[in-house]
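A.B. asks: In my numbering, the protein residues as written are 1 to 544.
None of these hints come from the bench; they were simulated from the model. Where a beta carbon is used, it is the ideal one built from N, C-alpha and C, also for glycine. Don't take each hint at face value.
Here are the computed distance ranges between Cβ atoms for each label pair [to be verified]:
(1) R531 - S372: 36 to 42 Å
(2) W96 - T503: 18 to 24 Å
(3) Q529 - K293: 21 to 27 Å
(4) G382 - K522: 48 to 54 Å
(5) V190 - G500: 45 to 51 Å
(6) D373 - P98: 31 to 37 Å
(7) Q211 - D37: 49 to 55 Å
(8) Q94 - S372: 21 to 27 Å
(9) K522 - D85: 43 to 49 Å
(10) E147 - E245: 31 to 37 Å
(11) K293 - G152: 20 to 26 Å
Calculated pairs, BS3-like style, for lysine-lysine (alpha carbon to alpha carbon, straight line, at most 27 Å) [what the hints assert, rightly or not]:
(12) K9 - K50
(13) K539 - K369
(14) K395 - K9
(15) K50 - K5
(16) K105 - K502
(17) K522 - K260
(18) K369 - K429
(19) K50 - K395
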Amino acid sequence: MNTLKIHPKDNVIVALRDLYAQTTVRNGSNTYYLHNDIPAKHKFFIEDLKAGQEVLMYGVVVGRLTQDVTQGSLMDTANTQHAVDSFQYRGFSQQWTPPDVSSFKDRHFMGYRRADGRVGTANYWLCIPTVFCENRNIDVLRQAMEEELGYGSSNIYKNYTRALLRAYDSIENLEQVDLSPESTQHEARVFTHVDGIKFLQHQGGCGGTRQDATVLAHLLAAYADHPNVAGVTVLSLGCENLQVEDFRAALFHRNPQFNKPLLVFSQQQIGSERALMQHAIKETFIGMVDANKLRRTPQPISKLTLGVKCGGSDGFSGISANPAVGYCSDLLVALGGKVLLAEFPELCGAEQQLIDRMQDAQTAHKFIKLMSDYSFAAEQAGSGFHMNPSPGNIKDGLITDAIKSNGAAKKGGTSPVIAVLDYTEPANKAGLSLVCTPGNDVEATTGKAAAGATLILFTTGLGTPTGNPICPTIKIATNNRLATHMSDIIDINTGAIIEGQKTIEQMGIEILEYCILAASGKIIPKAVQLRQDDFIPWKRGVSL
1 MNTLKIHPKD NVIVALRDLY AQTTVRNGSN TYYLHNDIPA KHKFFIEDLK AGQEVLMYGV
61 VVGRLTQDVT QGSLMDTANT QHAVDSFQYR GFSQQWTPPD VSSFKDRHFM GYRRADGRVG
121 TANYWLCIPT VFCENRNIDV LRQAMEEELG YGSSNIYKNY TRALLRAYDS IENLEQVDLS
181 PESTQHEARV FTHVDGIKFL QHQGGCGGTR QDATVLAHLL AAYADHPNVA GVTVLSLGCE
241 NLQVEDFRAA LFHRNPQFNK PLLVFSQQQI GSERALMQHA IKETFIGMVD ANKLRRTPQP
301 ISKLTLGVKC GGSDGFSGIS ANPAVGYCSD LLVALGGKVL LAEFPELCGA EQQLIDRMQD
361 AQTAHKFIKL MSDYSFAAEQ AGSGFHMNPS PGNIKDGLIT DAIKSNGAAK KGGTSPVIAV
421 LDYTEPANKA GLSLVCTPGN DVEATTGKAA AGATLILFTT GLGTPTGNPI CPTIKIATNN
481 RLATHMSDII DINTGAIIEG QKTIEQMGIE ILEYCILAAS GKIIPKAVQL RQDDFIPWKR
541 GVSL
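With the hints as extra help, turn the sequences into a complete structure.
C.D. replies: Take a look at the structure:
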């Protein structure tokens with residue numbers, strides 16, 4: 001199969017292979033003569049259209065023509081600009097048929113059950129600063145504890161440097177130094193039931209606006225309260241906008257029953273840096289001794305919370321990886337679990353389909369307000385959702401934000417939308433929730449973890465080295481070339497869908513099976529192995 005028409009209403013077709021000008025291609029019972037080369041992942045028009053007419057893909061408006069086009073010509077930024085339909089609440093109109101989950105009914109994963117009944121897929125100790133002034137001391141804490149406790153990164157790059165240094169000292173030709181990868185053994189972990197000690201850093205907590213500090217307080221509280229976190233060490237300066245009392249208030253507002261170890265050290269109160277670090281190291285070590293007593297136990301799949309994300313998207317994202325993740329999402333919802341779909345700038349053009357899946361007006365109007373306010377703020381800054389696609393996205397076939405968005409929304413599957421959450425709000429209801437975050441990869445994954453995601457499914461067509469400090473992130477390739485070319489960051493390849501070798505449903509089942517293994521600690525995703533511990537708070541400014 002060389003082409004794909006996604007929806008019967010579409011007036012463009014996707015090229016699954018490189019297609020060439022002055023050739024004909026078939027799609028179903030129709031034959032089209034191509035006037036241009038059509039690179040794989042790009043689209044061509046299937047009828048003559050006039051400037052001003054709408055471009056339809058996924059059965060909805062994804063653009064408007066800026067010039068006349070002929071059948072068989074390439075869709076590109078020269079002839080198509082972003083356009084979407086308006087949206088409104090029209091009442092709940094969905095008839096959802098859940099997928100068959102009988103094969104998963106008696107399955108479980110091995111998770112860490114917390115006192116409040118939530119279940120983690122990992123068991124981390126977390127170290128956070130209330131203000132950027134403490135970032136350096138967080139680094140000191142990392143240097144003091146990480147390697148000694150057996151959580152250090154691979155020494156492969158240190159070995160590279162040593163080889164270069166030896167060559168330099170012996171006046172050898174540096175170009176001839178063998179820098180081929182070598183397997184390097186980690187030191188054995190001291191605490192075998194603590195999956196890691198994680199160190200967050202940020203540029204907030206003082207200066208800026210007081211609203212920034214408030215949002216940061218709720219974000220850090222969400223991470224401290226996360227089911228993948230066993231205990232928390234907090235370093236404070238003392239005079240910052242984000243006071244420890246504000247952090248505690250946000251934490252206990254979020255979870256009045258919070259009872260994990262919470263170790264707080266204020267530099268101005270303690271005095272010398274040496275005393276601060278000695279206290280922090282000692283008490284953190286003692287806390288980790290207790291955290292190490294926790295064991296994985298069998299837990300129902302309904303205790304999983306999946307955050308679904310795409311980054312480095314390509315023209316196949318909405319055809320292979322995202323729909324496969326969407327089917328996995330539907331499976332988990334049918335099993336009683338939670339799914340979190342975020343990236344509001346990448347839901348632009350898919351709003352009406354999502355609103356029609358909302359069961360009550362209050363949820364719909366909250367979504368409409370968040371989307372409208374976000375869009376207005378972007379426009380006031382001289383930008384807009386239409387500027388979300390990156391040069392890489394466009395080069396690989398995502399010509400408008402609406403094309404990108406309708407493909408991105410596929411990650412949420414087809415189930416009803418049961419809640420809409422603002423940034424840092426927790427997901428407390430089983431089912432599919434929408435979470436307000438930017439599309440920016442790290443800001444979005446940071447926000448998903450704050451909402452409570454215990455695993456993140458991250459689809460990519462171009463290759464994105466992104467992860468999260470406390471939420472294992474599983475990378476899913478949209479195509480075979482990426483899975484081979486950047487195999488060190490990819491966990492699952494959905495390229496078989498493009499090749500016609502597997503169905504979306506088959507891949508969705510495989511993804512859920514992988515999630516169960518990763519949630520049980522039986523498979524360690526590449527992002528965790530590579531320590532892709534990315535964390536960027538959203539300051540509620542304009543970020544797409």
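A.B. asks: Hints first: check each against the structure and report whether it holds.
C.D. replies: Structure-based check of each hint:
| no. | hint | result |
| --- | --- | --- |
| 1 | R531 - S372: 36 to 42 Å | 39 Å, holds |
| 2 | W96 - T503: 18 to 24 Å | 20 Å, holds |
| 3 | Q529 - K293: 21 to 27 Å | 26 Å, holds |
| 4 | G382 - K522: 48 to 54 Å | 49 Å, holds |
| 5 | V190 - G500: 45 to 51 Å | 50 Å, holds |
| 6 | D373 - P98: 31 to 37 Å | 33 Å, holds |
| 7 | Q211 - D37: 49 to 55 Å | 50 Å, holds |
| 8 | Q94 - S372: 21 to 27 Å | 23 Å, holds |
| 9 | K522 - D85: 43 to 49 Å | 45 Å, holds |
| 10 | E147 - E245: 31 to 37 Å | 34 Å, holds |
| 11 | K293 - G152: 20 to 26 Å | 23 Å, holds |
| 12 | K9 - K50 | 17 Å, holds |
| 13 | K539 - K369 | 18 Å, holds |
| 14 | K395 - K9 | 25 Å, holds |
| 15 | K50 - K5 | 21 Å, holds |
| 16 | K105 - K502 | 24 Å, holds |
| 17 | K522 - K260 | 26 Å, holds |
| 18 | K369 - K429 | 21 Å, holds |
| 19 | K50 - K395 | 24 Å, holds |
The structure agrees with every numbered hint stated previously.
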